[in-house]
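Please model the complete structure; the sequences and the hints are all you need to start from.
If you read the sequences in order, they're chains R and L.
Under my numbering, the final residue of the first sequence carries the number 1433; numbering is consecutive throughout.
Under my numbering, the final residue of the second sequence carries the number 1433; numbering is consecutive throughout.
Hints listed in this document are in silico derivations from the structure and should not be mistaken for laboratory results.
A couple of the hints might just be wrong.
Copies of the same chain look alike in the list, so a pair counts if it works inside one copy or between any two.
With a Cα cut of at most 16 Å, we get these calculated EDC-like pairs of lysine to aspartate or glutamate [what the hints assert, rightly or not]:
1) Lys-1083 / Glu-1280
2) Lys-1294 / Glu-1280
3) Lys-1083 / Asp-977
4) Lys-1004 / Glu-1018
5) Lys-1235 / Glu-1322
Protein chains: 2
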Amino acid sequence: MKTNKEYISLIEDGGIFSYSPARGTFILPPNGLLLWSLMKEYLRKNFSLLGVKEVSMPCLIPFSLFNKEKKHIQGFSPELFHVQSEPLSDNHNHREDMDLVLRPTSEVVFYEWFSRILKSYRQLPIIYNQWCKVFRIEKNIKPFLRNSEFLWQEGHTLHSNSIEAEKFAFQIIELYRKYVEEFLCISSISGLKTECEKFAGAVKTYSVECILPDNQCLQLATSHFFSDSFSKTFKVEFSSQENFLKNPFSTSWGTSTRSIGALALSHYDEKGLVFPFDVSPVQVGLIKYRSDCKIDSYVSLIEKEISKHYRVKVYEKSSSSNLNIKDCDKEGCSFKVIIGKNEAENQSLTVCTRISNEKEVINKELLISFIEERKISFSKFLKKKSLEKRLSSTFEINSYGDFIRIIKDEKKGFFIVPFCNVEICENNFKKNFSPLSFRCILEKGFAIEKTCIFCDRKSSCTAVLGRSY
Amino acid sequence: MKTNKEYISLIEDGGIFSYSPARGTFILPPNGLLLWSLMKEYLRKNFSLLGVKEVSMPCLIPFSLFNKEKKHIQGFSPELFHVQSEPLSDNHNHREDMDLVLRPTSEVVFYEWFSRILKSYRQLPIIYNQWCKVFRIEKNIKPFLRNSEFLWQEGHTLHSNSIEAEKFAFQIIELYRKYVEEFLCISSISGLKTECEKFAGAVKTYSVECILPDNQCLQLATSHFFSDSFSKTFKVEFSSQENFLKNPFSTSWGTSTRSIGALALSHYDEKGLVFPFDVSPVQVGLIKYRSDCKIDSYVSLIEKEISKHYRVKVYEKSSSSNLNIKDCDKEGCSFKVIIGKNEAENQSLTVCTRISNEKEVINKELLISFIEERKISFSKFLKKKSLEKRLSSTFEINSYGDFIRIIKDEKKGFFIVPFCNVEICENNFKKNFSPLSFRCILEKGFAIEKTCIFCDRKSSCTAVLGRSY
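Take a look at the structure:
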């Protein structure tokens, strides 16, 4: 995967992406939305175990509300789409109080709402999440990885005390890590963001990051602990069990359709998309080798039987069965079942898996056990490949000299360094080495008792550097 | 239900609606979104039997694309939200090609996409649907019934021939009719729209309409047959089996969160919301009569057991069990289960249904059969009530004199009249009798061999008049 054009072909021919006319927006064709729905299903199931309830908030927000949180508005201001509720005209009188924006994220609407509905400690914790669209003006568009309009989920919670809130933010990042590693089979690193890289308004930001084939880093999910700062700004209060008026402590967390791009780029091969079996939009593809009455009715029979268990698609867009096989491979279908004259006569099936690609002729009764035996091999194979990729792109660096050499060699990837985690040192780093940035700080690391490679202070942590999307 | 304020209290205290700061937008709290999810689930199941596949289209659309379909833009132009992709400034240079709007509906993005992806008859029919938000500037806001931002579903289909497309539009309106009558238990009428009331650009528009407590009419769902007009405008073409280039015939159809408002207004009583059992966000409410260790653990046990079968909520926001009972009733919970000292000691439950309100003490093992035996009574009772309401608000009118008398008496409701269905007569009617309008034309009716009451032409159909939201 070298060019942007090849990436677009991969996801467009793979049926998970289509351009749409407004710059930075996209269409999710059936397989693309199905992929997102499968990701949703996994997350919803795990969220609900943590007591998450779903709500729906509006896209349109008064700009004035956004202005309440100074740090927050600084973080998002250049990216905001402004909306006019009257038709455009040359002598348009702009009324401040009517000015609307499209949400880039929904903190401000959630907190304005919380300030109206929260009264008593009996209502806490409030653990809400919404699946929705958000809007941010992006200059550098890359489908799924950077868009102006995209789908995501954003959770917002209120807790009666700080410890519970901070714990919740951590539980969520652990859930995301498992989602990325186990469900998407993408090898990742996760940890805290540094002072400069934290979310606008947060006390702590955790993130899960992965590495793409071009060795650039991608942030896949974040979880923020806000302390009671947002609650204070928006006057969210509750009367405690002891009848004191208190501000709740809060978190927010999200992951987006970015995962679709990461999934595509992590697992593709020369034939097209490849997916872990559980997240594959098409698990079984049926292809007719030539078409006649007998073959057609045999295919219908198999389709009916197999779709009780798996997501099935008959590939027949083209009149050429070879082109249909190619379509099936491009879409990352896990098992191809080819049916021609011989198969119809013998009640057999020619079966082939997407990753090994060896053909086997089996009795039709054996298809389900054939799939059941082999489906786990997808995640094993993809996890291993992804881990190898990450490890081969990860470099431990112990001195400033080594760091400069690796930059001069134009190496890209995760650079693991001992770091002081002092803001002034980080700002210096940003001035000199942008677009390289701190991706996260690892909980445990090799940097204990070492020296920060940028300032000679004692290192307080292990930091991960990389170029990000 | 007389005032708007009482309506707001009904849905706000009922936990299905909250105001949000931008005018005409709203928040769906957990029960509100759950209600919408249950409606979605019913429709998705039935859509999938018709071969519907789900896709996701962007909210942001270039205004220029909207300008392609003249009739369509005429229908929506005043309602469009315009979006600026750069921050507002006084000497803002407006660039036509960059001007974006928020979709009021998605025909134009779908057809622009179809023109790129459709090649061969082998791809037809294309039967796509999306669940999404749409945006329309509304002057008269009424929660759920008229909003500037709301949730809906919009289906868009392409067919190789006119007959199949027209049949599909009709199948969908039948599905909607069943959804409104059987699932929501709301008595309705359905039929074709007149020339003036059709959707901008459609050849035929079908609608399902109901009547609300104030005797105003509400359009709950529509299905449009477009012929090949949209395909021609957007150059959507396919090569037929005989290798000719043809334009496909198309339909679109939708229903929205309006249904939530209709549901609330159709079935409420003096205590709050009432729902058919299947669509009730809370099917079983547990209320503690006083709280101690023994009662708490008994309630937890019941909650755990019953939530395997039904949607359950423990009402404990207030320290007063009477207030908790009131909350439970406001939210339209179908079965109240009250648990106090006696119940905990005797392993019994005090149970009460939302519609009969008689209390009964039963052994805890009998709760499920108690519910199973009574759950059907909700839809029976609500359907009967809704039908009676509709019939008592429906008036058959056979002459212009009778029509004028009923107007002078300030009667409201469905007025059934013999009608010529000629555009000039309808335009005349609109001039004289707005806000009264033609709601739909009934397929069969009593008007055969009669005279149009407005122009003395022979009546060609039975028309339904009413005041609409």
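Tested hints:
For the homomeric pair Lys-1083 and Glu-1280, the shortest alpha-carbon distance between copies (13 Å) is at most 16 Å, but the shortest distance inside one copy (59 Å) is not. When the C-alpha separation of Lys-1294 and Glu-1280 is checked against a cutoff of 16 Å, the pair qualifies only within one copy, where the shortest distance is 14 Å, while the shortest distance between copies is 54 Å. Taking identical chains as interchangeable, the C-alpha atoms of Lys-1083 and Asp-977 lie at most 16 Å apart only when they sit on different chains, with a minimum of 14 Å there against 53 Å within one chain. For the identical chains of this complex, Lys-1004 and Glu-1018 are neighbours both inside a copy (12 Å) and across copies (15 Å), given an alpha-carbon limit of 16 Å.
When the C-alpha separation of Lys-1235 and Glu-1322 is checked against a cutoff of 16 Å, the pair qualifies only within one copy, where the shortest distance is 15 Å, while the shortest distance between copies is 67 Å.
The structure shown violates none of the earlier numbered hints.
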